[in-house]
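Chain A is already provided as a structure; the job is to place chain B on it using the hints.
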Amino acid sequence: MNSKDTVASSNRLELCNITKAYAEGRKVLTNLSYTLNAGEYVAIMGESGVGKSTLLNLIAGLDTPDSGEIRINGIAISSLDDDAATRLRREQFGFIFQAFHVLPHLTLSQNVALPLLLNGVATDRVEQMLEQVGLQGRGHHFPRQLSGGELQRVAIARALIHRPKLVLADEPTGNLDPDTAHEILQLIRAEIKANDATAILVTHSHAAAATADRVLNLTKDGLHPVSAQ
Amino acid sequence: MKTASLSRWLLLGEWRAHWVQVMVALIAITIGVAMAFSIHLINTAAFNEFSAASKSLSGQSDLQVHGRKGFFDESLYPLLANTEGVALANPVLELDIAVPDKLQNRNDHKLKIIGIDMFRAARISPDLLGLPAEGKTLDRLASDTIFLSPAAMEWLQVEQDDLLQLHAGLETITLRVAGGLVRARMGQRIAVMDIGAAQWRFQQLGLLSRVELKLQDGINHAAFKAKLAEELGESYWVAELADQETRVANMSRAYRVNLNMLALVALFTGSFLVFSTQALSVIRRRQQFALLRVLGFTRQQLLRQMITEGAILGVIGSVLGLSLGYAIAVLAIQFLGGDLGSSFFPGIKPSIYFDPLTAWIFFLIGLMVTMSGSIMPALEAARAKPALALRSGSEDAAMSKLSPPWFALICLSLALLFTQLPPIFELPVFGYLAIALLLIGGIALMPRFAAWVFSVLLAKWRHARIGAVSTLALARLANAPNQAAIALGGILASFSLMVAMAIMVTSFRVSVNDWLGHVLPADLYVRAASLGDQGGFQSDAQKAIAELPGFDRVDFFRTQQLILDASRPEITLIARPIDQADPSNTIPMTDDMMAPAALPEDLAPIWVSEAMVDLYGYSVGKKVSLPIGATSNEFLVAGVWRDYGRQFGAVQMQLADYQKLTGDLSVNTVALWLQAGMILDEAIENLRRLPFGGALEISKSGDIRALSLEIFDRSFAVTYLLELVAVVIGLLGVAASFSAQTLARAKEFGMLRHIGVMRRQIFAILAAEGGLLTALGLVLGFVLGWGISLILVFIVNPQSFHWTMQLHLPWGWLAIIAVIMLVSAVLTALLAGRRAVSGNVIRAVREDW
Chain A
1 MNSKDTVASS NRLELCNITK AYAEGRKVLT NLSYTLNAGE YVAIMGESGV
51 GKSTLLNLIA GLDTPDSGEI RINGIAISSL DDDAATRLRR EQFGFIFQAF
101 HVLPHLTLSQ NVALPLLLNG VATDRVEQML EQVGLQGRGH HFPRQLSGGE
151 LQRVAIARAL IHRPKLVLAD EPTGNLDPDT AHEILQLIRA EIKANDATAI
201 LVTHSHAAAA TADRVLNLTK DGLHPVSAQ
Chain B
1001 MKTASLSRWL LLGEWRAHWV QVMVALIAIT IGVAMAFSIH LINTAAFNEF
1051 SAASKSLSGQ SDLQVHGRKG FFDESLYPLL ANTEGVALAN PVLELDIAVP
1101 DKLQNRNDHK LKIIGIDMFR AARISPDLLG LPAEGKTLDR LASDTIFLSP
1151 AAMEWLQVEQ DDLLQLHAGL ETITLRVAGG LVRARMGQRI AVMDIGAAQW
1201 RFQQLGLLSR VELKLQDGIN HAAFKAKLAE ELGESYWVAE LADQETRVAN
1251 MSRAYRVNLN MLALVALFTG SFLVFSTQAL SVIRRRQQFA LLRVLGFTRQ
1301 QLLRQMITEG AILGVIGSVL GLSLGYAIAV LAIQFLGGDL GSSFFPGIKP
1351 SIYFDPLTAW IFFLIGLMVT MSGSIMPALE AARAKPALAL RSGSEDAAMS
1401 KLSPPWFALI CLSLALLFTQ LPPIFELPVF GYLAIALLLI GGIALMPRFA
1451 AWVFSVLLAK WRHARIGAVS TLALARLANA PNQAAIALGG ILASFSLMVA
1501 MAIMVTSFRV SVNDWLGHVL PADLYVRAAS LGDQGGFQSD AQKAIAELPG
1551 FDRVDFFRTQ QLILDASRPE ITLIARPIDQ ADPSNTIPMT DDMMAPAALP
1601 EDLAPIWVSE AMVDLYGYSV GKKVSLPIGA TSNEFLVAGV WRDYGRQFGA
1651 VQMQLADYQK LTGDLSVNTV ALWLQAGMIL DEAIENLRRL PFGGALEISK
1701 SGDIRALSLE IFDRSFAVTY LLELVAVVIG LLGVAASFSA QTLARAKEFG
1751 MLRHIGVMRR QIFAILAAEG GLLTALGLVL GFVLGWGISL ILVFIVNPQS
1801 FHWTMQLHLP WGWLAIIAVI MLVSAVLTAL LAGRRAVSGN VIRAVREDW
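Chains as they are written, first to last, in my numbering: chain A, 1 to 229; chain B, 1001 to 1849.
Please keep in mind that the hints were generated in silico from the structure rather than gathered at the bench.
Among these hints, one or two may not hold up.
To be verified - With a straight-line Cα cutoff of 35 Å, these simulated DSBU-like cross-link-like pairs (lysine-lysine) come out:
1. B:Lys1660 to B:Lys1112
2. B:Lys1747 to A:Lys27
3. B:Lys1747 to A:Lys193
4. B:Lys1700 to B:Lys1660
5. B:Lys1225 to B:Lys1747
6. A:Lys220 to A:Lys193
7. B:Lys1747 to A:Lys220
8. B:Lys1136 to B:Lys1112
9. A:Lys20 to B:Lys1747
Claimed, not checked - Just some of the chain B residues that point at chain A, by a computed CB distance under 10 Å:
10. Ala1468
11. Asn1479
12. Pro1600
13. Val1757
14. Met1758
Here a beta-carbon is modelled for each residue, glycine too, at the ideal position from N, C-alpha and C.
So that you can see chain B by itself, here it is in the shape it has in the complex:
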C-alpha cells in the first residue's frame, strides 16, 4: 500500500511538473488511435453494407449460374429448372441503365434494373417484389411499369405514378413508376421489372444475367455445384453466396488495407512521440531514480513504475482515441460517404456499428504501441547503476543504449530482404513490413549519424573561428547525439512518411496524366448507353457517325465484361483498331511486348494489362483461352500495357478479330478526331443533330481528363488528411522534446549566463541547434522517404493494385514543406528556450537536484 502511495506520488509529481509533455503524448496516442479506428469503422461499415446490398439481390438461393460474358441465352433456364435436385429455378436479367438526368456524373449515373419472374421470385427473393397501388396488382406484370426502392425514388426525384425516362442504347424509354419494393436496404438504389418486359423494353430478348437455384432438401451443395459446373462447361460459372462475398471482398481489399495502413502511420508516428516523451522523462529523472534505488527502491519496482506510467497514458489515450474515432467515423460517413470520396462503394449508405470486440482490439493496439514506447527507457532506468546514474553527464551514454547500432542494422537488412519477397494473399505484407523496418532502422541509426555529421562540421569549422555560439551548438549536437536524436525521431518519422507519400502520389498522378494523354488521343468520345450484351451503336448508327463531316478519323470501340475467375471481379475486354506494326502508338505499352514481326498469323494477338499478369499469370508469348465468341478461343499474349483505370484486369484486341470471332458488330464508344479548322462545339452540334443524337453521351477528351484527375485527387483526399495528421503529430513531438530538453538544460544555461553568455546568444544557440538538427532530420527524412517511396511505387502499388508507374519527385512541394517544418522547429526551439532562459539564473546553478 505504501509502495502504491509512493508510486502515485512519483507519477502525479512528474505529470504535474511536465504536464505539457504528458498532454502532447496523450494527444498523439488519442489522434493515432482515433484515425486508425475511424478508418477501420468506415471501411468495415461500407464493405458490410456493400456486401449486404449485393447479397440482398440474390435472395435465398443456394446457387447461381452466370455466363462468363455477362449474358447468356435463356434456353439454359428450362434445362436448369428440370435438372434433378433443383427445387426451384429463378431467371434474372440484371441491367445497369443510364439515367439521362444524371449523365453529368460519369461515375454514378446508372440505375440497377432487375428483371424477375414475379411468381418464382416470390419464393426465392420475396424482398424484390414490387408493391403496386391498391387494385393494380397487374402492374407487376405490365411492360411499361417499374418498381423503385426508396433510395432510387429519392435519387430520381419521382413518386408513384410518375413517368421515368431511361436510355437503352440510342433509344429513350419511358416507364411508369408503379410503386416501391417489399424491402430494400437503406441507400440501395435498385429498380424491379417483370423479366419479360425488361427483355423487351431494353432489347435483351432471349437473354438472362443469371439463374438462381434453390436446391431440394438433402442435396449436397458442394457436390451438386461441382457436377453442374462440369456439365455446363467453361462458358458458365456456378457460384455460392460465399463466392460472391469473396468477390466483393477482393474488389476493395487492397484499397481497404492501404487505407488502414495509412491510418496506422499516424499511430506509428505517435508511438515515437511516446517513446521520446518517456525516454526524456527517464533521462531527466535519472538521478532521482538513482536516489530511489539507493534508498531501497528495487529494479522491479522502478521498472513497474515506468511501465505503469506508460500504461496509464496508453489506457487514457486509447479510450479517448476510440471515442474520437467513433465520432469521426459517424461524421465522415455523413459528409464524405462510405467510400471516403473514392469510388469503391458507390450508391450505398452505411451506418457505423460499434463492435465491442473491434474496439477492444484497437484499444489493445493503442496500449501496446504506448507500452512499446515506454519499455526501452524503463529497462534502461531499471538497469542503470545508481552510483553512476547519480553523477551528471552520463545521460547521453545512457540514451545510447536505447538505440544500439546492431538493432538498426538488423532492421535495415530485414527491410532490404523483405523488399524482395512476394505478396501474401495478394497483399504487399512484406512491403509494409519493409517500410516499418526502414523507418525504425533509419531512426535508430540517427544518433550515430548525427554525431558523425556534427563532429565533422565541428572539426572542420574549429579552425575557422566560428565563435562561442556555433561551437556550443555544434558541440552539443556532436557529443550528445542521442538526446538530439530523440527530438529528431518525430521529425524524421513524419517527414519521411510525408516525402514517401508525396513522391508516390505525384508519381502516380503524373503517370496517370501521361497515361490519360495516351489513352485519350481523340478530340471527342461518344458513348451510347449499353444494351446489356450489345454495344449501343449498331452498324447503321456507326455508319451515320462515320459519314458526318468535319472528322479526320473515327475509331470504334467495343467493350465487354468477362468473368475469368468466379472469385474475382470481371475483367474488361476492349476491342478496337490497334496499330499492329507498333501497338505503342495505340496502347500505353510497358517494355514487355513481342516484336510485331514475330506475331503468328494463325493466332489472334491480345495485349493485356499488368493486372492480368499478376492476377491470372499471363505473360508475353503465352497462349491463353478467353470466353470470346460462341465458345472459348485461344489467343496469344503479345504485350503488356499500363492500365490505371481497371485494377482487376483488362485485355485489348483488334476490333476486326473480335467481330470475326463473335459476329457482334455493335460498339459502345466512338473516338473522333477533328479535321483541321473544325470547331469542337460545331462537331458536337452535328452529332446532336443525328436522329439518335439526344441519347448520346458526348465528352471532350479534355473534360474526361480533368474529371479523371479530379476523381484521382478526391480519392487521395483522405491520404492527404492522414499525412497532415502525421505531420502535426511529428511537430508536436518536436515541440515536446525540444521543450523537455531545454528545460532540462536550465543549469547549463544558468552557468552560461554567469560566465557572460547573453540571453540572445542562448536563443541563438537554441535556434542553431534546432535549425541544424531539423535540417539534418529533413535531409535524412528525405533520403528515408525516398527509399520508402521506392517501396510504395515499385512494390506496394504493383502488388496491391497491379499497376506500375514512373518515379516523379515533387521538388517544389517538398521544399515548401521542408521550409515550413524548419521554421516551425526553430520557432518551437525558441519558444521552449524562452521558458528556460526566463527562469532564475541564480537558482539554476545553485540546485543540485
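The shape of chain A in the complex, shown without the other chains:
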C-alpha cells in the first residue's frame, strides 16, 4: 500500500486506546487516547519512564502498540507493512533527536538533502534551508567542524527540508546549553509554523515546553493538558 494513498494533506492524528508494555511486562501506556489537529504544536512532558519516547516511536510506526490504534487521517498506522510505514515516515514525518544523529561522513548539505534524495525530489532547497537555520555558506563543512547547537540546527534543517506534515522531536535541546537551547526551540517553532506542520515535542524542560501551542503531561492515566504558568 502506498502511503500517498493513506495520508491526505490534512494531518489529524488520533490515538485510540493505546496500550503498550515493555518486554518484561511493565505497562507504560494504558488506554491512552488523544486527538491532535492539523497544524498543532504540542509539547509532551512527564516523568522519566512514563512512556513519552515510546509514544513517539508508536506514532512513527517504529513500534507497534499492544492494543489500540494510531490513525493518521483515519488510516491505522499498524495496518501498514514495513515498506509503507517507511514511505510514510520518509514523505510525511520529520525527526529531531536529542543526540542529533548527523552522519559524520556527509557534508552538511548532504546531510540536509537526505530526505529529498530519499523522496527522489530536487535538492535545490538545501542552501536556502541551511540559511534559514543560520548555517549559510557552510554546506561543505563536515559535522566534526560544528558545535552541538550547530549540529542540532543541521538536524532541524534535515527534519523540515521536505516539508513534513508531522514533526517528532525527542528532547531536541537535551544536550544544549540554555542559550543555545532557547535559540533552537525558537527556530523549531518558527520552522514548524512556516511549514504549517503538526509537531510533537517530547521534553523534560518547562522552558522548552513553553514554546509549544499546548503542553500535555503524560501520566499513567493518560495525556492531560497543563495549564499555562
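Same frame as chain A, but now just chain B:
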C-alpha cells in the same frame, strides 16, 4: 591490583562483545604461524636428512679427492696412499645405475651403487660394509654380489639371495643380493659392492669417483689440503666435509628460502588482519577510552591496555600456530615427502624434529607480527585528546594518523631503490624487501587513493541524480576513506600477492612450455643408462641406430657433469650438433650472443646458460677454461641461453669439438626425427628390435613435455596451497572488518530507518559500499600484484634460480578469482548488514554510548 582488575574487565568485556573479530584475528595468526613453522620444519628436516645421508657416505675421512669430470684414473690412488701425512687412503667408485623396473619414473629410477675396498672401508667407513649370510663372508669380495640398504631392498622389492637386474649402458647385469649393510639411514637407498667387481661389471675398469683420505695425527688439515690441491692441479679438487655441506646447502638454498618467504606471506597477510581488528576496535572504543582518560586512566595505562590485548592474541595465536604447524609438518612429510612434491631432496625419509629454540623464534615472530599490528592503533588511542575523542565524527580523522602519506611514499621509494640492488649471498634479499615495502606502501596509500577515486565519482555523479543509496554509499567511501581502507587492507594484501604469484607461475609455465618446444624438437629421444664416465652408446650402437629406416634426421648428444667450484653443485656439459650459422635454431638463446661471423676459428665456442653468467661470471666474448679433455682447455663464450632444467649451470658445445678434444666418441642420448608418413609406434618397435633394444629408454617428446609440466605443476602445488591460505585469511579479514564496521554503524542505520530508508535500501548501501570498495581493492590489488610480479619475474627468480622468463598474464584465471572475491565480499557485507539492521532501530538512536 585494582588497575589489573580494570584491565581484565576491559579486555574480557571487549572480547565477549566482539568475539567473532577476536576469533578471526586469532585464526589468522594461528594459520600464519602454522604455515611458516611447518614449512621451516619440513625444509629443515629434509635438508638435514639429505645432508646427513650425503655425509654418511663419506664415513670418517678427513679429506676427499675428486676429479672435476666426475671420474678419474685409479693410478692416482697409490700416489695418494703414499703421500706423506696420509694415514689411510680409501678408493671409491660411486655410480648411479638405472633400475629397469623403475624406468617409468624419470626422476627417481636410479640406485646409488658404491664400490669400496672392504679392507680399507672397514677403517674409514665401516657403516658401508655388507652383512653377508652366515658362512658366506667371501660374498663381500664376489663379483656377482651386491649388498643393499633396507630402503633399497624395500624399493626394489628384493630379499637376501634374490637376483637383481640393472642396466649398465646397453647391457643388462644380474647380481645376487648378498645381504644388508652394517648401518644406513632411514630411507637411504644405497647399494655396496666390491670396488673391483663394480669396475668390471659396470665397465669402469681403472676408474674411481673419489679417494677418501684419513690423515695422520697432528697433521694440519687446512695446510695439507692446500698443498695437495696445488700438487694435484686443476683436474682434481680436494674437499673437506664442510665443503660437502656447503654444496648440499647451495643446492637447495634458493628453493628453501623461496618457500619460507611464501610461508611468511600468510603470516604477513595475517598481520594486516590483526592491524585492522585492533584499529577498528580502537576506533569503536574511542569514546570509551576518552571517558577512561577523563576518569583518570593515564596514557601509559591505555597504551599498556591496548598492547596487552595484542600481546595476548599474539601469545595464544602463536602457541596454537606452533602446535598446528608441527602437526601439518608431520602429516606433510608422511603424505608428500620431504621435498613437498618437488625434486630437491629425492630418496630420503626425514622425520620432524621439534627444536625448542626454533619454536621459540617462530613464537617470537608470531608475537612481534601481532604486536606490530597493535602498536599503531594503541599509540593513536593513547595520544588522542579526550575532549575531542568524546565527540563522534572524529574517528576517521583519527584513523588517518595510522597511515600518513609520507610513510607510504618512503616505503614505495625504498621499494624502488631495492629493486636496483644486487643479491646478497646469492639470495634476492632486497627483492623480497622490495615486495614487502611495495605492499606496505601500497596499502598505506590506499585511504588517500580511495578518497580521491570516490570523491571524483561522487562529484561526477552528483548531477546525474544517482539517488540516496548511491549517494550515501559513495559519500561514506569518499569521506571516511580510512575506515574503508581498513577493510581494503586484507583484500589488497591477499589479492595482490595472489595476482603476483599467478603472473609469476604463469609466466614461468608458459616460458617452460615454449622452452620445452625449443629443446625437444625431435619426435623421439632415446637414452642409454650411463656407464659412469662413458656415454651409453658407443660408435657401433650409434651406427646401428642411424642406419634404422624411417628417420629423417638423427642427432647424438653427449652429456657430462663437471665440477668447476668445489662448493657448488656440478654443472652439465652438453655436446651436440649446433647450427653454428644460427645457434638459436638449436638452442633457446637469449638476445645475448655473438654474431656467428665474429666467431674465431682457433677457439671452440661454447654457449652457456644464464646460471653460468650469474654463478661463474661468464659473459659473451669472454675466454674461459673448462676441464674438458685430458687437461683444461680454453673456450670462447659465444652466447647465453635459457635453461629451466638445470639451475646450477650448463654449457653447450659442438659435439665435434668435444670429440676432438676428448677422443670420447660415446654419447648418452639420441634425438630422432621421423620421416613423413612414418608411424611413431612403428619407429619405436624398430628401435626395440635392435640387439640392445631392451636396454633403451625411449621417450616420445610429447610424453617428456607432459611429464615435465606435470613435475612443474607438482612442485608448485605447495605454492598454490600457501596462496589459497593467504586468500582465505584475506577474506576472513574482509568479513571481520565489514562486520565490525557495520555493527559500529548501528546508530547511523537506526537514524536512516527513522527518516525513511528501507531495510533493503540499507542492504543496498552495504552491498554498494562492499562492492565498490572490493572493486577498487581488486583494481589496486591487480596493479600492486603486477608490480610485485615484475619483481618476482625479473629480480627474485633470476637471482634465486638464475633464469629469466617472459611475462605472461593469466587474464581468465585472474578474472575468475576477482569475481569470486567480489561476490564473497558483497555477500560478507550483506551478512554483516543483516546483524546490524536486525537490531532494534529505536535503541540504536537512543543510546549515546
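Now the hints, each set against the structure:
{"no.": "1", "hint": "B:Lys1660 to B:Lys1112", "verdict": "holds, 31 Å"}
{"no.": "2", "hint": "B:Lys1747 to A:Lys27", "verdict": "holds, 27 Å"}
{"no.": "3", "hint": "B:Lys1747 to A:Lys193", "verdict": "holds, 30 Å"}
{"no.": "4", "hint": "B:Lys1700 to B:Lys1660", "verdict": "holds, 31 Å"}
{"no.": "5", "hint": "B:Lys1225 to B:Lys1747", "verdict": "violated, 80 Å"}
{"no.": "6", "hint": "A:Lys220 to A:Lys193", "verdict": "holds, 31 Å"}
{"no.": "7", "hint": "B:Lys1747 to A:Lys220", "verdict": "holds, 30 Å"}
{"no.": "8", "hint": "B:Lys1136 to B:Lys1112", "verdict": "holds, 24 Å"}
{"no.": "9", "hint": "A:Lys20 to B:Lys1747", "verdict": "holds, 24 Å"}
{"no.": "10", "hint": "Ala1468", "verdict": "holds, 4 Å"}
{"no.": "11", "hint": "Asn1479", "verdict": "holds, 4 Å"}
{"no.": "12", "hint": "Pro1600", "verdict": "violated, 74 Å"}
{"no.": "13", "hint": "Val1757", "verdict": "holds, 6 Å"}
{"no.": "14", "hint": "Met1758", "verdict": "holds, 5 Å"}
When held up to the earlier numbered hints, the structure conflicts with 5, 12 and fits the remainder.
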